[in-house]
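J.: So the chains spell out like this:
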Amino acid sequence: MSAPVSTPTATRAAALPRHAHGLAGRAAASIGTPGGAVFVLVLALLVATVVANPNFGDPGVLIRFLGRTAPIAIAAIGQYYVIVSGEFDLSMAAVIAAQVVVAGNYIGDDTGRNVIGLVLMLALGAFIGLLNGLATTLLQVPSFIVTLAMMLALTGLVRYLSGGAADAPPNDDFREIGRGTVESVPVVDVIPYPLIVLAVLSALAVWLMRRPFGRTLLAVGDNPAAARVSGARVWWVKTRAFILSSLAATVAGILLVGYAGVHPTVGDGYEFSAITAVVLGGVVLGGGRGWVLSAVAGAFAIELLFTLLTVLDVDATWRDTVRGLIIIAAVAFAARAWTVGRRTGTRRTAPTTPATPLTTDLSGPPTEPTPGTNTGGN
Amino acid sequence: MSGTARPGLAGRTGTLTSTGIVLAVLAGAVVVGTILTGIEGRNFFSTGNLRDILTATSVLGFIAIGQTLVVLGGSLDLSVPFVASLTGVVAGGVMAGESGRVVPGVLVGIALAALIGLVNGLVVSILKVHGFIATLGMGLVISGYIASTYQGNHGSAPRSFRTIGISFLGPVPVSTLIMLGCALLAIVLLRRTRLGHHLYAVGGNPEVARLSGVRTAVPVIAAHVLCSVLAGFAGLLLLARLSVGNPTIGSQGQYDLMSIAAVVLGGTVLAGGKGNVTGTLAGVAIFAVMDNVMAVMETDPFLRNVVRGVVIVAAVAVYSRRSIGRRPARFERPGVLDAALQEAK
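In the order they appear, the protein sequences are chains A and B.
1 is the number of the first residue of the first sequence in my numbering; add one for each residue after it.
1 is the number of the first residue of the second sequence in my numbering; add one for each residue after it.
Looking at chain A on its own, in the form it has when it is part of the complex (with noise of 0.2 Å):
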């Protein structure tokens, strides 16, 4: 923070080390970062699974693994917004469930209805995600807090409306959306649509985050002080990640009516599986690094730990004691990965310039792991 200050001329004719090797090289240097092995993670998972299973590497039994992890993938690029920008969404869970009990309630066998009920249902998540933001930007209450009163506002509600009995699923067209596919594709056979969904989703992400909002949303959950002298409107940034984030949650609820049935427990533990996909691809708790692909990934990784658990017939009372080690294993080796990244990433430069302002104000003292326990916080 105080160093580079000293040389800011002599860093400007020097190319950025982000941008100095071609595309394949910056995919190759961004292995080492958490974000980018991830992917690296996936692929290993993918290979053993296949390896343990040769019938899992058929691309049809494949593709639709890819469009039933569709759900969890999604809610990962809307809880992506919401931590990139240092908050929390422990909501998610809860607000999937309102949106299937709401489907089943309101659509149930009326086709007439699935338009209006589509809009409904995104309109209810948006509110919720508006009340989320609002709470936590004007009333200045901690997301964590905001959020967790929201899930238990939200279950209790759907719980006492729906006696906390299952409701018959909504219309056969509705499930469609969920459980649906295009069929007769080559290679693959068919094509799940809420995998279709999911890409269309991702694009969207990717585009949105080179967007001026995405790159405030970054800046926000960096340094809101700093985003806030700079100009941006920290509250209505945060609230539309908190609306993208309750709109990612409203749109696995659709694809998981699908699925599953009408259920107040449908999406339980959606919130902390979003969270861990999210911390799995990279993106820093306490907001402010990280993209929103690597979270996609992130869930991918996790969903095929499970399937790598079933089929090595591993007791399922066990999954939960693996799946807790390897997440731990995972982010810590992620925690290693950011800080040796930065070590290189400095060294490489250091010949032409002493210190460059990019990466040493990523990352505090180039040459210390920062200590501690938080890697910020709100």
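Calculated directly from the structure, the hints in this document are not laboratory data.
By construction, the Cβ of each residue, glycine as well, lies at the ideal position given by its N, Cα and C atoms.
A couple of the hints might just be wrong.
Listed next, the stretches of chain B that the computed footprint assigns to chain A, with coverage defined by at least 3 CB atoms under 8 Å from CB atoms of chain A [said to hold, decoys possible]:
1) 92-102
2) 134-141
3) 145-159
4) 256-263
5) 307-320
Fit chain B to the known structure of chain A by using the hints.
T.: Just chain B, lined up with the frame of chain A:
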């Protein structure tokens, strides 16, 4: 650094601290509770009702005290419900209904809890895994172990151990007294010991604490160990009440999220470095009063969660705005200093 973080300092200078506001909210909850209970034709301050409320505070109280220490250090502990369950089944298994084995049972349970806390602390401080993920993972590890090893209720508590859960000193349950004793020790730890001051320093800003010569790992590890041990106490208390070790008792109580809610309700800053145990106790008491009133009014159990959620946000919003209003004062002094430096130049 510990000067601004130390509780009570602002109180001595006359401004209303967040702890003061929490206590005011608690008083308000008691008043509203008295009125609502009175409308139902019952007496809020009857011995039976007070016993109910105080009993309800003890389990969450133990866990929330520990959670306060961890949150002050800038971490989180989501593994507490599983630690409580595990301590209960393991201690119950060792006791096996015999009075003579109460002491070994308690010791084994607490040692196990301390070990889990140690691992949590090491993973957080040495491996640099965020507390959220480290303890979420640890919770999964323990829940997997519990689910694989204990299919149903396990072990049993002898009569001598069960008396802890059912004996009273006047209207005050003994378990609550033990919990308050732990709270007192935690307050002394935070206010009077080097470890406590270091915990505030590390939670406030680990980098500054490190540059000031604090071993940043030590207070964090200690906080995690104490938190797990206190969760172990909660598990033992649940064992004494149920007389058998129940492998899912912790997760049923949602003690992870509720304890964090109580800590934040008590005015402790979630990012660490600011807050105290007194506020947390008030937060736990607010929950207990609220639950008691809703039970007396026979509110639908699902709707109770809605009320809880609204009250949590409303209460935290009250003093969050308050502390925002106070914040500029902190920056005035450096401003004066800057001006002096300018003049010196």
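J.: Now look at each hint and say whether the structure bears it out.
T.: Evaluation of the provided hints:
no.	hint	verdict
1	92-102	violated (count 0)
2	134-141	holds (count 7)
3	145-159	holds (count 3)
4	256-263	holds (count 3)
5	307-320	holds (count 8)
When each numbered hint is compared with the structure, a violation occurs for hint 1 only.
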